[in-house]
Amino acid sequence: MALDTPKRDFKIVGTRVPRPDGIDKVTGKAAYGADITATGMLHGRILRSPHAHARIISIDTSAAEAAEGVKAIVTSADFATPDDAGIRDIRDNCLALDKVLYDGHAIAAVAATSKSAAKAAIRLIRVEYEILPHVTDVDAAMKPDAPIVQSGRAFESVPAGMSQNVHSHVEFGHGDLDAGFANADKIIERTFKTAATHQGYIEPQACMANLGADGRGELWCCTQGQYMVRENCAAILGIEASQLRVTSSEIGGGFGGKTTTFIEPVALALSRKSGKPVKIVMTREEVFRATGPTVSTSMDVKIGMKNDGRITAARAELRYQGGAFPNHTVEFGAQAAFAAYDLAAVQTLGWGVMTNRPKEVAYRAPGAPTAIYAVESVVDELCQQLNLDPLDVRLLNAARKGTLSAYGPTFNEIGLVATLEAAKNHPHYTAPLGENQGRGLSCGFWFNFGGNTCVSLNLNSDGTVGVVEGNPDIGGSRASISMMAAEELGIPYDKVRTVIADTTSLGFNDVTDGSRVTFAVGLATIEAARAAKNEMCARVAKLWGIDTDAVQWEDGSVKPAGPNAGEHAPMSIADIAAIADETGGPIAGHHEVNADGAGVSFGVHLVDTEVDPETGATTVLRYTVFQDAGKAVHPDYVEGQMQGGAVQGIGWALNEEYIYGDDGLLQNASLLDYRVPVASDLPNIETVILEIPNPGHPYGVRGVGETPIVPPLAAISNAVSRAAGIRLTELPMSPPRILHAITQRRDG
Amino acid sequence: MKTNHIQTTINGDVTEFLCNADESLLDVLRDRLGMTGAKEGCGTGDCGACSVTLNGRLVCSCLVLGVETEGAEIQTIEGMANGDNLHTLQRVFLEEAALQCGICTPGILIAAKSLLEKNPNPTDTEVRYWLAGNLCRCTGYDKIIKAVQTAAAEMRGA
Chain A
8 MALDTPKRDF KIVGTRVPRP DGIDKVTGKA AYGADITATG MLHGRILRSP
58 HAHARIISID TSAAEAAEGV KAIVTSADFA TPDDAGIRDI RDNCLALDKV
108 LYDGHAIAAV AATSKSAAKA AIRLIRVEYE ILPHVTDVDA AMKPDAPIVQ
158 SGRAFESVPA GMSQNVHSHV EFGHGDLDAG FANADKIIER TFKTAATHQG
208 YIEPQACMAN LGADGRGELW CCTQGQYMVR ENCAAILGIE ASQLRVTSSE
258 IGGGFGGKTT TFIEPVALAL SRKSGKPVKI VMTREEVFRA TGPTVSTSMD
308 VKIGMKNDGR ITAARAELRY QGGAFPNHTV EFGAQAAFAA YDLAAVQTLG
358 WGVMTNRPKE VAYRAPGAPT AIYAVESVVD ELCQQLNLDP LDVRLLNAAR
408 KGTLSAYGPT FNEIGLVATL EAAKNHPHYT APLGENQGRG LSCGFWFNFG
458 GNTCVSLNLN SDGTVGVVEG NPDIGGSRAS ISMMAAEELG IPYDKVRTVI
508 ADTTSLGFND VTDGSRVTFA VGLATIEAAR AAKNEMCARV AKLWGIDTDA
558 VQWEDGSVKP AGPNAGEHAP MSIADIAAIA DETGGPIAGH HEVNADGAGV
608 SFGVHLVDTE VDPETGATTV LRYTVFQDAG KAVHPDYVEG QMQGGAVQGI
658 GWALNEEYIY GDDGLLQNAS LLDYRVPVAS DLPNIETVIL EIPNPGHPYG
708 VRGVGETPIV PPLAAISNAV SRAAGIRLTE LPMSPPRILH AITQRRDG
Chain B
1159 MKTNHIQTTI NGDVTEFLCN ADESLLDVLR DRLGMTGAKE GCGTGDCGAC
1209 SVTLNGRLVC SCLVLGVETE GAEIQTIEGM ANGDNLHTLQ RVFLEEAALQ
1259 CGICTPGILI AAKSLLEKNP NPTDTEVRYW LAGNLCRCTG YDKIIKAVQT
1309 AAAEMRGA
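From first to last, the protein sequence lines are chains A and B.
Numbering-wise, the first sequence is residues 8 to 755 according to this note's numbering.
Numbering-wise, the second sequence is residues 1159 to 1316 according to this note's numbering.
Read the hints as simulated data drawn from the structure, not as lab findings.
By construction, the Cβ of each residue, glycine as well, lies at the ideal position given by its N, Cα and C atoms.
Hints should not be assumed to be uniformly reliable.
[To be verified] Computed cross-link-like contacts, BS3-like style, restricted to lysine-lysine with a CA-CA straight-line distance of at most 30 Å:
#1 A:Lys18 <-> B:Lys1304
#2 A:Lys200 <-> A:Lys106
#3 A:Lys502 <-> A:Lys122
#4 A:Lys309 <-> A:Lys126
#5 A:Lys566 <-> A:Lys549
#6 A:Lys14 <-> A:Lys408
#7 A:Lys431 <-> B:Lys1160
#8 B:Lys1160 <-> A:Lys283
#9 A:Lys566 <-> A:Lys14
#10 B:Lys1160 <-> A:Lys122
#11 A:Lys283 <-> A:Lys122
#12 A:Lys122 <-> A:Lys106
#13 A:Lys280 <-> A:Lys122
#14 A:Lys106 <-> A:Lys36
#15 A:Lys200 <-> A:Lys309
#16 A:Lys408 <-> A:Lys193
#17 A:Lys36 <-> B:Lys1304
#18 A:Lys193 <-> A:Lys280
#19 A:Lys106 <-> A:Lys150
#20 A:Lys126 <-> B:Lys1160
#21 A:Lys36 <-> B:Lys1276
[Said to hold, decoys possible] Computed, partial: chain A to chain B, Cβ under 7 Å:
#22 Pro25
#23 Pro27
#24 Lys32
#25 Asp42
#26 Gly647
My request is simple: use the sequences and hints to build the entire structure.
Next up, the structure:
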């Protein structure tokens, strides 16, 4: 078999092997961000703004400096000036420059000999503020007379005359909208609002920094990307990337929220100034007030439909606020909004807006869940009004291979139709419903990503294999990478050990995001294994005194390719490894790539809910997730992604929200008041994996991690709207909001 | 601040430590004793990642003061396996992939063990309510609930 032929028959890929990091994680031995200590370390603590928006007149640290145990205090004056505007924003988010831009914005930090000394010292820092007017709502921030969060940040795409808080504008689409709407039998236009949510990882950000006066440093932290941390920190501290070695710890959840830096540059600056290692661990309150929530949104969606369910035209206008700095999330939302549909006329407009809230950070398919919530709500309402089956309507309009997508590209092999058909044929879809119960469904989409990836695969002298990759393992990726290496080499899974390199031990890797790791690191691992196989073939051919063409790789061994190659006993990897020193030295395979061909991902979620008409409380009765995984490398972890994403989406739909008071302060910065779903809120989450091979990956793999958070918002809203007998257009659908809608319906 | 001398039994071993009056049991375990299996997800008793048992009772160790544990029996995740023999719950959690990132896992295992000691044959609903104080953001709880039930069935049969 040629090495570049797509592989579709597997021995190890597709099985449910134990994870290599499992024992450490069930015995408490696994070392997460806060679990590392260093001899002589200090404890860092950060002073944060009590105001939503204020100019910093002065910072007086003299009393804090004199306090017991205090060894260093830093402010933004201790940072360098990075060339890159995006990294300057990250710097100014780590420690405020001249203004505090939101409640919780970091201002200064202390390193002291104990946690309590550091905590006491930050209270002694005197900050003089000039309070400024603030704005936290997206629609209010777009008004021309709104308080200005930052000036001069708008991109050229923003028309003149808008509020300076509007920083970006995007537009996608094709076709004649006017003609499309004129041709519709029914048009529905609705406005939606969604609250900001938080990724809610259980592990707060934590790091341990050790930076010398010579600019050489070590950093240990929980992150989705050690190379990203290195590049941000080196630029912010004004040191060379080669001098900072960053090691990622085990990571206690991220979901996109650990794709940037908050405390690492601060800890490094404190360490440089004090000459000692400095550890910073965020409190949960800090995580809520100052790390990445999602955007909050305001959205208009208009869709026209024929009586038979064919969509004639579709338009969405999205307004996303992403906190006090520019971001690009609305672009993803505008691209994703109508991705599930094959449309003749479609337009999406997006506006990116700044407010006095924390800097938005990615959360699982950033930008897509809200846009698709609005679109799928209008499609569902059209189905209700035209008395059409919502799955049939989606099948009628579904994007498929060859569809010109709403955001530009033409789709290759995609699994949407198969996923919809699986939902239609599933017993859940036709199960009877009781009183006050409703069934909802929604499609979901995510682009998926490949990106910069390096893998080294080393053959050990006993024939076992070490794989070195550069992406923190956030959901079992060491298992899936080991499986793909073992599969390609034809050796047992337990003969492979995969480790995650620090930034000095392997070339650059993009962050663990975009559902890219199993796809891109898997692809690079397979290619590295193929490189090692080629080398082994060459070594054996030389040993046998025949051409490389005259040997072949089969079942984990090198064999003569045919009778003309002569009589030679096959040599296994172990045989070849044992004599590597006699055939040319160590054997390794490498692959470096900026991976393309990630393959877009679609899913469909079905949910039954019951709404209590007396209280407005919603119970999720039954939930089924259908998703195309390309090839499910480790089905347990694919199911886990589908279940976990669905439940995060359920939380977004029903409970979770950032609540700001009129004073611009966050009112629910704790896990008690910001309520993520708990076990007793939920039913089992049933999963159906479809496998439509991704042509861009040698084994057909496509990313699965992000799509599952996309459909729940609309699926639940559609189910609740049908159960409550009234269309809901705002998230979260908390009991008071649902009760209000029911009361309004009753009162006519 | 005056430090206090405390003697407890942790995972069967007599353990002495010094702590300040404002230090939680979680701080003591992690910072004084180097037992970092219990995790701090919130410090306010909302997430359950720091779950341990104190004289047989399931508690959030962030809500217990170190000085309260004089003479107490404490069980932590570090004491759950017997040498290299995993507890049934630990083994089944691995077999059934009931963890992703693993940060909540020590607390959930301690809580589940405590449940099965009190109720060896719980319903799914009982498991879900017992574990409602242990947040997991990765799994959606599905595989956790199933793993607890598999382990419970196995332990009843043993």
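Inset, instruction - Quick one: which hint numbers does this structure break? Sort them smallest to largest. - result: 3, 4, 7, 14, 18 and 23
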